[in-house]
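Q: Each chain sits in its own coordinate frame; assemble them with the hints.
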Amino acid sequence: MNPPKKAVALISGGLDSMLAAKAVMEQGVHVEGINFFTGFCVEGHTHAIRKRDGDKPKRNNALWVAEQLGVKLHIIDIIEEYKQVLLNPKHGYGANLNPCLDCKIFMVNKAKQWILENGFDFIITGEVVGQRPMSQRKQLMPIVAAESGADDLLVRPLSAQNLPPTLPERMGWISREKLFDFSGRSRKPQMQLAANYGFTDYAQPAGGCCFLTDASYSQKLTDLWRFRGKRDYELDDIMLLKVGRHLRPRPHFKMIIAREDGESRFMSGYKSEFVSLNCASCRGPLVLIDGETSEEDLQLAAAILARYGQGREAETVEVTLRSRQGEERNITVKPLTPEQIPAEWFL
Amino acid sequence: MISDETAIPNSQGDSVLNLRRLLCPLPVIRTQDKIKTLRPGDRLTVQCTDPGVMHDIPAWCRINGHQVLDARQTGDEYVIVIQVHA
Ligand code: SF4
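If you read the protein sequences in the order shown, they are chains V and E. All residue numbers for the first sequence refer to the working numbering, where the first residue is 1 and numbers rise by one. All residue numbers for the second sequence refer to the working numbering, where the first residue is 348 and numbers rise by one.
Extracted from the complex, chain E is given alone in its bound form (with noise of 0.2 Å):
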């Protein structure tokens, strides 16, 4: 398998899913997956390869409640941070 998704908590225990070389559907899926097992107000950072997460994640948060609080484009990579909802 090339995908070497895999979720790091960072130093302010934030979630970080490295998502990289996913493709859609797919990074939705792990972002789902991932926010069952989180608390409300939780942040979780996502890192991704394929532009189409630039328009899936935001609208899979916004039919699920979930706030985007960032999404940007740097060099070949897409990261996302989501806040999850309360």
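Next comes chain V alone, as it looks inside the complex (with noise of 0.2 Å):
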């Protein structure tokens, strides 16, 4: 008898591939998962950061939707190589800075490279043919094929019998008759898929998989390009995009301020590396100065500060004021009023 046929499937921590990589595992097929860690991943670092969100369970979905499959998964920092993929998509960019199709093409080329390395015959993803605007519209789903390089050996099990038939099928290593023609955003058909399936608890993710696809982080991933005069970025700078109330009161500096306790103790990591100011006379929240500030720029800094802290009714607050190699000062402001702060300076 033949081994078993060998297939890695994309695993985002969302239904559709935990259904894709089922279906193709039912065919008995050894299936082991990977998943790609781009830093822009919703998983994980805010509900670490926030202890808003500290009710909801710790779990990584990836991770978890492995567990439920009983497959291995492999988690891959994609962190450096993604940058050029967000820098420069061949096919452009979403509603927001999300460059879903150049995504998609690089993780299947990832995953293409893990298959010849590791002897495993072929990749599925939990693609699903016009569900999502961007990149998987069904004109939309051979590029991805062929520019990843993966080809024929790209297995869309839930839209499968939408799709020619890929070389797995063709070989008869699994059974087309066995796969999916599911299609369109109706969530209905993977719903009764996951019921037969048993499965009873998965994840939802609105819109997608990653921060990019958010309006508000966008703006801001746009605007520290536009202060920093390049598109570039490093882990430090996505991750403190994600935590804080990002202000910037003048074109050369930017505020950030911690909205809770979870986020200052976070953001306190990064005093070494940016001016950090904190209420002294009240509670407050710490902030950090993003870009280089005069005199008159902490004065008006600490102003705003003071706005969020417990003594923004006082007369006057005063402010610790900590240089990036820990030296401090203490100065004394008056809170701005709400009516002081424009709305054009929220990022």
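Since the hints were made in silico from the structure, they are not lab data. Don't be surprised by glycine CBs; every beta carbon is placed ideally from N, CA and C. Warning: the hint list may mix true and false statements.
To be verified - Every beta carbon over 12 Å from chain E, so not counted as near; a handful from chain V, in silico:
hint, residue
1, D121
2, S183
3, P251
4, R307
Said to hold, decoys possible - Part of the chain E face toward chain V, derived, beta carbon under 10 Å:
hint, residue
5, L370
6, Q379
7, H402
8, D403
9, I410
A: Next up, the structure:
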């Protein structure tokens, strides 16, 4: 008897990739999962940082899906390589800074390299024809297969019957009849299939799998590039865009104001890289300053910070300024009123 | 970069990985990549500050067949001891 064929499934942590992997496992194929970490993934970071999300289970959905399926999961750090995808997407962006088509091509290409290195036979994704406006239109799905180099080793079990037969189907490694013909934005077929497989608990990501689909996050990233004068980023930049209120009161500096204790704790890890401020005479959030500031700028930043502390109604508030080297000094400011903080300052 | 991960073998020859200040899933990725370089039966101790590791690293170990020998919170830190599967 021939050994079972082996496939790697791109596991995002959502329902579709879970069902796609399961559909192929049901046909006797050995499946393992692969998950790519771009740095923009919604998983992990924010609930690790924010106490507000403390009630939610701190689970990584991709790991959880792998455990439900009983498959191994390989998590791959693609933070550095992903920069080229985000900064120069050949096929452009979606509604925000999400380069979904290039992203899919990149990830499937990485999966292709992975199967070659690890002796696997084909690749599975949870894509559904017509489900997402940008990357899952029927005419675009062959582009992912072709430009990733995966060609007909790429199987989309949920929509397979709407697409040309792939090599694993033609070779009889898997039966096309046992795959599906889902299309469009309705989630009903997936929910029905989940019920058939006995999956009752699964993540339902709204919109997309990463922060790049988020309008406000994209706006902050665009601002960062404009301010730096170049389109580039480090992991720390993209993490800091996930926390705090971001205000740019002057073109040459930005304030990141913690919204709660968890964010203050997280941001305090950056005190040696940014000038920081906190209220000395009352409780208040930690502020990091991104940019070079004059004394006048620091006075303004302190007055803004005072507005977000418990001394906002006080006549004056004492604020501690801390240099990157840890030198501290206090200044006294009058808190700004909400009317004195123009809406355009908020990113 | 704020990460300061380092792998230092302790006196017994087991490895210790400093993953403090990294947020999930990076501690899982660094643990996974380190384990690839270890031999069956070796022990790896990871030191983390993201509470998410208490869920994610044991989950990753379960699906990949490694054994969690100990998982403990000490102050603001989380220390997990893993034995690489045979
Ligand atoms: S939502 Fe983000 S991770 Fe998902 S395909 Fe689009 S760019 Fe890639």
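Q: Against the structure shown, which of the earlier numbered hints fail to hold, in ascending order?
A: none
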